[in-house]
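Below, each chain spelled out in residue letters.
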Amino acid sequence: MKHLRSIDELSGEAIRSLLDLADAMAEVNQRPIPKVPALRGRTVVSLFFEDSTRTRLSFETAAKRLSADTMTFSVSTSSVNKGESLRDTIETVSAMGVDAFVVRHRTSGVPWQISQWTDAAIINAGDGWHQHPTQALLDAYTIRTRLGCSGGLEGLHIAIVGDVKHSRVARSDVQAFTKLGARVTLVAPATLLPASLEGWPVTVCNNLDDLIADIDVLYLLRMQIERQEQSLVPSLREYSTRFGLDDVRARRLQDHALVMHPGPMNRGVEIVVDPALLRGSVITEQVANGVSVRMAVLFHLLGQGSELVDESGGQ
Amino acid sequence: MNEWVIKGATIVDPDGTRQGDVAISGGRISEVGADLSGERVLDASGCIVSPGFVDLHVHLRQPGREEAETVETGSRAAALGGFTAIVAMPNTEPAQDSVAVVEQVRRWGEEAGLCEVLPSGCLTLDRAGERMAPIAELAASGVRLFTDDGNGVQDPLLMRRIMEYSLDLDVVLAQHCEVASLTAGAVMHEGCCSSHLGLPGWPAVAEELMVFRDIELARLTGARVHFLHLSTARSVALVRQAKADGLRITAEAAPHHFTLTDEMLRTFDATFKVNPPLRTRDDIAALKVGLRDGTIDAIATDHAPHPAALKEQPLDTAPPGMLGLQTALPLALGELGLDLPEVVALLSWRPAAIAGVSDRHGTAVRPGAVANLAVFDPEATWTVDATRLASKSRNTPYQGRTMRGQVRHTVFRGTPVVIDGEAQR
Numbered sequence: 001m002k003h004l005r006s007i008d009e010l011s012g013e014a015i016r017s018l019l020d021l022a023d024a025m026a027e028v029n030q031r032p033i034p035k036v037p038a039l040r041g042r043t044v045v046s047l048f049f050e051d052s053t054r055t056r057l058s059f060e061t062a063a064k065r066l067s068a069d070t071m072t073f074s075v076s077t078s079s080v081n082k083g084e085s086l087r088d089t090i091e092t093v094s095a096m097g098v099d100a101f102v103v104r105h106r107t108s109g110v111p112w113q114i115s116q117w118t119d120a121a122i123i124n125a126g127d128g129w130h131q132h133p134t135q136a137l138l139d140a141y142t143i144r145t146r147l148g149c150s151g152g153l154e155g156l157h158i159a160i161v162g163d164v165k166h167s168r169v170a171r172s173d174v175q176a177f178t179k180l181g182a183r184v185t186l187v188a189p190a191t192l193l194p195a196s197l198e199g200w201p202v203t204v205c206n207n208l209d210d211l212i213a214d215i216d217v218l219y220l221l222r223m224q225i226e227r228q229e230q231s232l233v234p235s236l237r238e239y240s241t242r243f244g245l246d247d248v249r250a251r252r253l254q255d256h257a258l259v260m261h262p263g264p265m266n267r268g269v270e271i272v273v274d275p276a277l278l279r280g281s282v283i284t285e286q287v288a289n290g291v292s293v294r295m296a297v298l299f300h301l302l303g304q305g306s307e308l309v310d311e312s313g314g315q
Numbered sequence: 001m002n003e004w005v006i007k008g009a010t011i012v013d014p015d016g017t018r019q020g021d022v023a024i025s026g027g028r029i030s031e032v033g034a035d036l037s038g039e040r041v042l043d044a045s046g047c048i049v050s051p052g053f054v055d056l057h058v059h060l061r062q063p064g065r066e067e068a069e070t071v072e073t074g075s076r077a078a079a080l081g082g083f084t085a086i087v088a089m090p091n092t093e094p095a096q097d098s099v100a101v102v103e104q105v106r107r108w109g110e111e112a113g114l115c116e117v118l119p120s121g122c123l124t125l126d127r128a129g130e131r132m133a134p135i136a137e138l139a140a141s142g143v144r145l146f147t148d149d150g151n152g153v154q155d156p157l158l159m160r161r162i163m164e165y166s167l168d169l170d171v172v173l174a175q176h177c178e179v180a181s182l183t184a185g186a187v188m189h190e191g192c193c194s195s196h197l198g199l200p201g202w203p204a205v206a207e208e209l210m211v212f213r214d215i216e217l218a219r220l221t222g223a224r225v226h227f228l229h230l231s232t233a234r235s236v237a238l239v240r241q242a243k244a245d246g247l248r249i250t251a252e253a254a255p256h257h258f259t260l261t262d263e264m265l266r267t268f269d270a271t272f273k274v275n276p277p278l279r280t281r282d283d284i285a286a287l288k289v290g291l292r293d294g295t296i297d298a299i300a301t302d303h304a305p306h307p308a309a310l311k312e313q314p315l316d317t318a319p320p321g322m323l324g325l326q327t328a329l330p331l332a333l334g335e336l337g338l339d340l341p342e343v344v345a346l347l348s349w350r351p352a353a354i355a356g357v358s359d360r361h362g363t364a365v366r367p368g369a370v371a372n373l374a375v376f377d378p379e380a381t382w383t384v385d386a387t388r389l390a391s392k393s394r395n396t397p398y399q400g401r402t403m404r405g406q407v408r409h410t411v412f413r414g415t416p417v418v419i420d421g422e423a424q425r
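Protein chains in written order, with the numbering used here: chain A, 1 to 315; chain B, 1 to 425.
Don't take every hint at face value.
[Said to hold, decoys possible] Label pairs and their computed distance ranges (CB to CB): (1) B/Gly400 / A/Ser231: 41 to 49 Å; (2) A/Met265 / B/Arg219: 34 to 42 Å; (3) B/Arg161 / A/Ala95: 54 to 62 Å; (4) B/Ser181 / A/Glu13: 41 to 49 Å; (5) A/Ser231 / B/Leu125: 26 to 34 Å; (6) A/Ser67 / B/Ala308: 33 to 41 Å; (7) B/Asp385 / A/Gly12: 40 to 48 Å; (8) A/Gly155 / B/Asp385: 53 to 61 Å.
[Stated by the list, open to error] Chain B residues, not near chain A, derived (Cβ > 10 Å throughout): (9) Gly8; (10) Glu312; (11) Asp385.
[To be verified] Computed list of chain B residues with no C-beta within reach of chain A, every gap over 12 Å: (12) Lys7; (13) Gly113; (14) Leu157; (15) Met188; (16) Gly191; (17) Ser195; (18) Arg266; (19) Thr267; (20) Val289; (21) Leu310; (22) Arg366; (23) Trp382; (24) Val384.
Derived by calculation from the structure, the hints in this document are not laboratory data. Heads up, the beta-carbon is just placed ideally off N, CA and C, and yes, glycines get one too.
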């Protein structure tokens with residue numbers, strides 16, 4: 001595996017082994033000095049064409065804990081000179097000597113375009129509505145860890161609720177969860193579903209109340225304010241009434257059920273109850289696991305042959 | 001003594017198919033028959049000689065976007081593709097909405113001298129869809145085909161007025177059918193593939209609604225309407241019914257729409273971004289039926305050059321369009337399952353009639369006719385190499401593909417402008 005651009009490109013087996021590797025990274029993160037020299041001398045460039053503080057910080061933390069050198073190339077789309085092509089930008093940065101690009105872009109497909117113009121490994125940190133594979137891996141890792149599954153997510157029923165159409169998280173999660181054996185139901189009005197679900201291994205339900213008592217994981221997607229302006233829903237209030245997690249719905253969740261969200265949350269829209277008071281919420285755990293999972297990805301792509309030696313010398 | 005003689009070819013024209021040499025003098029066909037002689041010979045053994053091709057839909061980019069193409073480079077690509085007349089789309093900068101711009105484009109075409117450049121005129125000022133362009137003035141200066149191509153005229157009232165105003169002008173109103181509110185931000189065909197790739201979709205219905213609207217407005221007004229680059233199965237069905245109803249309507253289809261599907265976007269290569277977008281296998285099948293049964297009158301390339309720097313941008317910002325002039329003939333020969341005379345009709349005399357140039361293009365190969373001729377070998381194979389195409393741009397979707405059918409010579413107004421596949425100027 002040279003790149004991590006899409007969950008599509010991974011088998012269930014490959015996902016499992018990345019999650020196992022994330023377990024080993026979680027162990028590193030428990031050490032007094034959570035840093036190993038595995039990627040010393042390697043250079044990882046964060047190439048963020050779209051703002052994302054949390055994903056960028058998570059990747060940079062992961063890279064630093066593996067002793068890689070990190071650089072950040074932040075480009076607000078407005079500042080990119082119209083005359084410079086994406087290719088020019090990539091070739092310029094590549095010339096500085098880069099082992100991996102961590103790429104975030106508002107447009108689907110940019111990681112594939114970039115991989116034509118550089119020899120560096122490409123890690124997709126979110127492209128348009130398309131893919132966000134490390135988010136899916138950390139979500140799967142969080143579920144696997146919490147619900148005590150051994151290998152994958154066999155037998156679990158996961159509901160993904162909200163704006164699937166515009167969500168790279170949903171596209172990646174559907175693939176990762178089902179490749180690991182889970183059953184996925186999408187819950188959304190048709191305006192927030194893709195035009196076609198042909199080939200998607202999912203079922204669709206428009207009524208959250210019909211299945212809330214049966215699911216093992218409730219995955220809430222972020223609902224953006226502009227969806228109301230685009231008349232995809234009449235109002236955020238109505239969306240919240242139909243699809244938000246309120247007290248009544250929270251009480252109907254099974255005792256072991258997890259509540260997840262990729263962040264940042266819209267309080268009062270997709271999540272009405274205080275997540276801190278919600279028994280099954282693993283939302284902050286997702287963030288913490290993100291570092292371990294991204295360390296696993298970086299190590300897998302760049303660190304073949306090296307070992308996870310303890311830098312404190314303690315062994 | 002004849003100046004030129006094309007020897008050993010099979011003639012395919014509106015009169016039928018037959019063997020014969022074609023002799024040329026003084027810009028016209030001087031003789032047709034066996035064993036003709038002339039001062040110079042164009043060998044055409046194994047080849048077809050037909051009236052030159054007419055492309056109703058070419059973007060020459062000049063004035064305004066000369067880094068992508070010029071009238072001269074586009075004309076050269078056209079000549080190498082067997083075209084002797086091309087309609088230049090009006091989305092230049094400034095747009096072709098005034099006699100001054102139209103005449104300048106025509107002059108550049110004459111200076112290049114590789115084919116006849118027929119400037120189209122805008123339907124609305126600056127293609128903005130707000131006020132009618134000076135259609136009668138432009139028509140008086142020789143413009144026959146009017147379009148805001150790249151944009152559809154959104155306002156049904158304005159389109160009705162244009163249709164009514166054009167009734168006594170002997171012009172063709174060519175619509176780019178796209179209801180813009182349904183395609184805002186769209187990158188590719190809306191369907192299974194766009195849903196998987198997370199790319200904003202261009203739904204088929206956005207085209208079909210405007211095809212339907214203009215059919216009904218044409219029924220109401222009696223205007224002469226032409227539909228540009230039909231891309232969906234339902235559009236073909238609508239046009240078929242309108243023709244059966246006796247409306248004065250014509251339509252064209254582009255080779256990329258009957259050869260490539262939306263699956264090409266799985267590569268995320270912006271070369272495959274085009275407007276209207278590449279669609280599905282079912283749409284391709286319907287376009288082919290439409291081309292066979294006469295619903296679609298012409299093959300038009302929608303040749304749309306863009307420099308690499310623009311195509312190497314993210315899919316949402318990369319401009320739509322692909323090259324087409326030099327690959328149209330082999331695709332038409334190879335992909336439609338039509339007899340050769342039918343293919344030539346779609347490339348030559350049917351579009352010539354729509355463009356209003358039947359007096360000099362797409363005419364029967366007879367003595368006295370203006371010598372605008374294509375000579376091609378239907379069996380010769382070649383491989384598309386973008387760097388060797390004549391266009392200033394490289395955005396062919398067929399890079400590396402082997403094609404069967406190759407233009408050997410093109411004769412424009414009696415002068416061979418392409419000999420053995422090489423442009424002569």
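Going down the list of hints, with the structure as the test:
1. B/Gly400 / A/Ser231: 41 to 49 Å: 44 Å, holds
2. A/Met265 / B/Arg219: 34 to 42 Å: With a Cβ separation near 55 Å, A/Met265 and B/Arg219 fall outside 34 to 42 Å, so the hint is violated.
3. B/Arg161 / A/Ala95: 54 to 62 Å: 57 Å, holds
4. B/Ser181 / A/Glu13: 41 to 49 Å: The hinted range 41 to 49 Å holds for B/Ser181 and A/Glu13, with Cβ atoms some 46 Å apart.
5. A/Ser231 / B/Leu125: 26 to 34 Å: Given about 31 Å between the Cβ atoms, the range holds.
6. A/Ser67 / B/Ala308: 33 to 41 Å: Holds - the Cβ-Cβ distance for A/Ser67 and B/Ala308, about 39 Å, lies within 33 to 41 Å.
7. B/Asp385 / A/Gly12: 40 to 48 Å: Between B/Asp385 and A/Gly12, where Cβ atoms are some 42 Å apart, the hint holds.
8. A/Gly155 / B/Asp385: 53 to 61 Å: 55 Å, holds
9. Gly8: 46 Å, holds
10. Glu312: Given a closest Cβ separation of 4 Å, the condition is violated.
11. Asp385: At about 19 Å from chain A, B/Asp385 clears the 10 Å cut-off, so the statement holds.
12. Lys7: Given a closest Cβ separation of 48 Å, the condition holds.
13. Gly113: 33 Å, holds
14. Leu157: Its Cβ never comes within 12 Å of chain A, the nearest being 24 Å, so this holds.
15. Met188: 10 Å, violated
16. Gly191: The claim breaks: B/Gly191 does not keep its Cβ more than 12 Å from every Cβ of chain A (closest is about 5 Å).
17. Ser195: About 3 Å separates B/Ser195 from the closest Cβ of chain A, which leaves it inside 12 Å; violated.
18. Arg266: 9 Å, violated
19. Thr267: 7 Å, violated
20. Val289: With a cut-off of 12 Å, B/Val289 remains clear of chain A, as the shortest Cβ separation is near 24 Å.
21. Leu310: Not fine: 7 Å to the nearest Cβ puts B/Leu310 too close to chain A.
22. Arg366: Check passes; 52 Å lies beyond 12 Å.
23. Trp382: 26 Å, holds
24. Val384: 19 Å, holds
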